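If you read the sequences in order, they're chains C and A. With the first letter of the first sequence counted as 1, position 20 gets the number 20 in the numbering used here; the numbers rise by one all the way through. Offset between the second sequence (1-based) and the numbering used here: plus 1000.
If you're looking for bench data, these hints aren't it; they were derived computationally from the structure. Mixed in with the good hints, there may be bad ones.
Each pair of labels, with its calculated beta carbon distance range [as the list claims (entries may be wrong)]: (1) A:A1150 / C:R134: 34 to 42 Å; (2) C:G91 / A:Q1157: 44 to 52 Å; (3) C:G114 / A:R1094: 28 to 36 Å; (4) C:V72 / A:I1057: 27 to 35 Å; (5) A:L1174 / C:L110: 19 to 27 Å; (6) C:G114 / A:I1199: 40 to 48 Å; (7) A:A1177 / C:W62: 38 to 46 Å; (8) C:T89 / A:Q1125: 27 to 35 Å; (9) A:M1147 / C:V107: 32 to 40 Å; (10) A:G1194 / C:P64: 53 to 61 Å; (11) C:T89 / A:G1100: 47 to 55 Å; (12) A:I1092 / C:A31: 36 to 44 Å; (13) C:G59 / A:S1061: 38 to 46 Å.
All figures in this text were calculated on a predicted structure; none of them were measured in a lab. Here a beta-carbon is modelled for each residue, glycine too, at the ideal position from N, C-alpha and C.
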Amino acid sequence: MSDIEYDPHEYADPHRPREDHAPGDEPEESAGHWVRNYLIGLALAALLTVASFMAAFSGLIWGPSVPVALVVLAIAQMGVHLVFFLHITTGPDNTNNVLALAFGLLVVFLVVVGSIWIMSHLNHNMMPMDEMMRM
Amino acid sequence: MSDAPFSAAVEAYRRVQEDPHRLGHRGHGEGEPVPGTGHGETGPASKRVIVGYGFWIFLLSDIVMFACFFAAYAVLQDATAGGPTRRDIVDINRVAWETGLLLASSFTCGLSFAATNARNKLWTQVFLLATGLLGLGFLVLELQEFMLLAAEGATPQRSAFLTAFYTLVGCHGLHVAVGLLWLGTMMAQVQLKGFRHEIQHRLLCFNLFWHALDIIWVGVFTIVYLMGAVA
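With the sequences and hints as input, model every part of the structure.
Here's what the structure looks like:
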């Protein structure tokens, strides 16, 4: 592991070539930039949270489509958190972070969708419990 | 030292030995703060990046673990064995409060890291304390919820659904509790040691951890509570 320390203050000049950045870290240093970023994130996340609760309880949305709306709102809010709180960006200094995230999401997707898919098929093919008892 | 040029050569040799394909090295272009290894203008990534990236990998593996619990919950959510259903266990006001507290704590945690980067000890501590209190409020509400449910007989042993529920939500709560311990430790370290490099790295990691917990909570309140309430 490297012993070389990294000081973000050295990277204030946007035209200067930069190295990669850790997630949650940014080269830009002014406190105002950070606070503005977090305020935008908080506002969007709060908006999406309220929208989720309203989608579930206000009856504005057609009943059977509520779960889909909730999933979409949740994914949107996770995106807001990633961008504004964890500072995952599309910039060249973030490639490693994005690739690791993409692989993590692939595994999450396989585990969740695969489990639901397989188990629902098993449920479908399984004999009802009372019939099994009578055997 | 008298053998300064020689020791630089030894250092370059050591790097090639440890990392023959220079996987941990890359060019930084002109004005790089890191000395090269002898093959163009390259150098190892800084410790801040290595620590932060490593912790990011850990967090992603933690999220994969939560994905397993989410999958178990999704599969078992209707296996109530005649006991309480999804709809019965949701107290929506409590969930709204928990969500608000955790989101606010995520925000104050971010502000504390902003203060860290501005090297402002007072505001770092103030926002860390606010984060801790908000997180504690969340934890108290969740424990109260668990105790109320258990008092009504909705314990983890009651049904597969409740086992999955307590595992998923409880594991998130456990992470929050561990995070609070970490937070207290960081406050003490900031106070006693100041903004040394390794303290900054730990604060960066703590910031990542706390934000990741909030992302997982978004999944929890959507899948478990809101979908349970409309089920």
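Comparing the hints with the structure gives:
The hint said 34 to 42 Å for the Cβ distance between A1150 (chain A) and R134 (chain C), and at roughly 36 Å that hint holds. For G91 (chain C) and Q1157 (chain A), the hinted distance range of 44 to 52 Å is satisfied, since their beta carbons lie about 50 Å from each other. Hint check: G114 (chain C) to R1094 (chain A), Cβ distance near 32 Å, so the stated range 28 to 36 Å holds. V72 (chain C) and I1057 (chain A) have their C-beta atoms about 28 Å apart, which keeps the hinted 27 to 35 Å range intact.
A beta carbon spacing of about 25 Å between L1174 (chain A) and L110 (chain C) agrees with the range 19 to 27 Å that was offered as a hint. In this structure the supplied range 40 to 48 Å holds for G114 (chain C) paired with I1199 (chain A), their Cβ-Cβ distance being about 42 Å. At about 40 Å, the CB distance of A1177 (chain A) to W62 (chain C) agrees with the hint of 38 to 46 Å. Distance hint check for T89 (chain C) and Q1125 (chain A): the Cβ-Cβ separation is about 29 Å, which falls inside the suggested range of 27 to 35 Å.
A hinted range of 32 to 40 Å for the beta carbons of M1147 (chain A) and V107 (chain C) is consistent with their spacing of about 35 Å. Between G1194 (chain A) and P64 (chain C) the beta carbon distance is about 57 Å. The supplied range of 53 to 61 Å therefore holds. At about 27 Å, the beta-carbon gap between T89 (chain C) and G1100 (chain A) misses the expected band of 47 to 55 Å. Distance hint check: the CB atoms of I1092 (chain A) and A31 (chain C) are about 37 Å apart, consistent with the given range 36 to 44 Å.
Between G59 (chain C) and S1061 (chain A) the Cβ separation comes to about 40 Å, which falls inside the hinted range of 38 to 46 Å.
The structure is inconsistent with hint 11 alone, although it conforms to all the rest.
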